[in-house]
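Please arrange chain B on chain A, whose structure you already have, making use of the hints.
Just so you know, the protein sequences line up as chains A and B, in that order. The opening position of the first sequence corresponds to residue 1 in this note's numbering, with each subsequent residue numbered one higher. The opening position of the second sequence corresponds to residue 1 in this note's numbering, with each subsequent residue numbered one higher.
No lab work stands behind these hints, which were simulated from the structure alone. Please note that the accuracy of each hint is not assured.
To be verified - Pair ranges (Cβ atoms, derived):
#	chain 1	residue 1	chain 2	residue 2	range
1	A	Lys190	B	Gly260	25 to 33 angstroms
2	B	Thr168	A	Leu7	37 to 45 angstroms
3	A	Ala56	B	Asp17	22 to 30 angstroms
4	B	Pro427	A	Val233	30 to 38 angstroms
5	B	Glu43	A	Lys190	57 to 65 angstroms
As the list claims (entries may be wrong) - Only part of the chain A face toward chain B is listed, based on derived beta-carbon distances under 10 angstroms:
#	residue
6	Arg20
7	Gly24
8	Val35
In this text, all values refer to a predicted model and were calculated from it rather than measured experimentally. Glycine is no exception: its CB is placed at the ideal position from the N, C-alpha and C atoms.
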Amino acid sequence: MSNPIDLDPFARFRAVTRARIGLGRAGDSLPIRAVLDFQLAHARARDAVHGHVDFAAMAERIGATQPVIRLKSRAADRPTYLARPDLGRRVDPTAVAGVERGDWDVAFVIADGLSAAAVEAHAEIVLSACLRRLGDLKVAPIVLGEQARVAFGDEVGDALGARIVVVLIGERPGLSVPDSLGAYLTFAPKVGRRDSERNCLSNIHADGLMHELAADKIAWLIRQALRLGLTGVDLKEDMAGTAALPVAP
Amino acid sequence: MSSYAILLGRQRHVFDDLKTLMAAASPEKSGDRLAGIAADTNERRVAARYLLADIPLRTFLEEPLIPYEIDEVTRLILDGHDAAAFSPVAHMTVGQFRDWLLSYECTTDALSALAPGLTPEMVAAVSKIMRNHDLIVAAAKTSVVTGFRTTIGLKGRLSSRLQPNHPTDDPEGVAGSTLDGLTFGIGDAVIGINPAGDNLEACVRLMELFDRLRQRFDIPMQSCVLTHVTTSIKAVEAGAPLDLVFQSIAGTEAANRGFGVDLNVLREGREAALSLKRGTVGDNVMYLETGQGSALSADAHHGVDEQTIEARAYAVARHLKPLIVNTVVGFIGPEYLYDAKQIIRAGLEDHFCGKLLGVPMGVDVCYTNHAEADQDDMDNLMFLLASAGVNFLIAVPGADDVMLNYQSLSYHDIVSLRHSFGRPPAPEFEAWLQRMGLFDREGRLAPLASSDARRLIDYRASA
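For reference, chain A alone in the conformation it holds in the complex:
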């Protein structure tokens, strides 16, 4: 009987890396199992990018406890959204019902971004966890943004008169995680804000940053931003894992 270690010479690495190592070979090529595993992961990532968030159902659920506004970006469909990031950053001006200037500390925007799966799985849970921590603040109606990118929140937050906008958005899926949510915080939102003026929490998913911890960090960042009057590279990450990132989806 052979030593099980010999069946997988790479066994000792598997606990420390998700890289697809020691896959075996069929001649020079990948064995069929590895080919299909890869195709499954890619299929899930593609489905996440091209999936639709059921914003109507989400509006009903959130609307039971909070005022909700549904908006669209200027990107009419997914192909346009992918090819024209400039359109996904702006609000469709023909459908802005309910957007009125108010006196809000914070506005939350749920945007589909690049992963419908992430938004469906995590956005509402993170939102309600945040709201529980921010009971003393004036929170604007919750905005649901279709075909929307991070900077979509700049125009929305400005129109609502919010001091800070938090965009919960689906991140670009990798093969290992198709449903990762990101949270982007921007103080004094307005069109033209740079990515360096935001703070970002990424990797909110089952194997990454958990919902309650993510909400702790978001709430902490909101209070810091309101106190200091800024977000971005100058808002230091005193809580681990809240770095300002240079690239937004």
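Relative to chain A, chain B alone:
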């Protein structure tokens, strides 16, 4: 600035200036649409190509697309132009140059002698009127050979970068991907890692990890930690075992500023690596990456199309005498290259333009999950590039980069290409693989259960 016009049937097509004409003549790219400079009809694109074909090559010396006064890359291109090398083609139009590139008279030696006489704008222009076939056939005639501890770019060879990226730079995790790749004969161009963080200590730890491995098995290889050039300079000052200095570069001064570099700091980086004298078969000490769309994403494109800007990055590259350069062709995203058709076209353009300018060109055959592409498309591009004589290709375990979240080629793909085309790795590396018992005389792989393979796989990175 003169305008250009042509009558096709009853439709007259007018282009305001040379850069407008160049952009309109470009094969369809989402990035040029995003910039608002793409041809708005298919007919207009071909009209621009008729006009471009009749423009004398020397026009590009007389009419810079980006002004000399405001851009140091333009100054580098024009001040460094070798008129004597240019003279054999100085009388040609762009169209005549295309026909000459495909002619029997255009040999490997002729192209090597011509390279310093060509500018990025000339090669970008001619590429726009060339089909994929032409780009492959002409590029296959070029030869750009460089060296450090291995010799890269020799005719009949295919080298590879081993890319053992890990989301936290865990040394054992990095070692697992590296050792797996070595059993496939990957890594003769470089073992190059994108570090998870940019801090000096972490980068130096990775350099030391690869240097210990190299010395333990006496591997003729070079490693590179793909950190910012200024971090590499600090690593050299700190006495780290640095082989190659890396930097992402682009084709305009403003876009390079977006990367936090200029020509001076790039030259300083090269000098720092040269001072260590660590090369054995050559002294090419730079590794550079480029990609269509990077200037547009930094809003630093001056209204010039993304493929021409990319070719200008190769003028920056050749100035630095790099060991290897690659385009990260499908990495930058669908807003610049929308689908596999655009990615494949761009990969062939970049390889052709780089090689014609004398740059040791490789390609990261890759795509992101929001692009319209899959592994079948990468299969197509890798076989096309192997036909075109690409110097090296990038490979990651199972084609899945678990740190940068995109897909490239697998180790298996490189072995498969080498066998399909009869192109072994760099000679020094090939000899090592045979010494180690990892390759047999036909270049076939040893079974993982062989004692030779096990000796490598059982190496402890942290020991």
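Verification of the supplied hints:
1. A:Lys190 x B:Gly260: 25 to 33 angstroms: Cβ of Lys190 (chain A) to Cβ of Gly260 (chain B): about 27 angstroms, so the range 25 to 33 angstroms holds.
2. B:Thr168 x A:Leu7: 37 to 45 angstroms: violated (28 angstroms)
3. A:Ala56 x B:Asp17: 22 to 30 angstroms: violated (50 angstroms)
4. B:Pro427 x A:Val233: 30 to 38 angstroms: violated (48 angstroms)
5. B:Glu43 x A:Lys190: 57 to 65 angstroms: Violated: the Cβ-Cβ distance is about 42 angstroms, outside 57 to 65 angstroms.
6. Arg20: Result: holds, 3 angstroms to nearest chain B Cβ.
7. Gly24: holds (8 angstroms)
8. Val35: holds (9 angstroms)
Consistency note: the structure conflicts with the earlier hints numbered 2, 3, 4 and 5.
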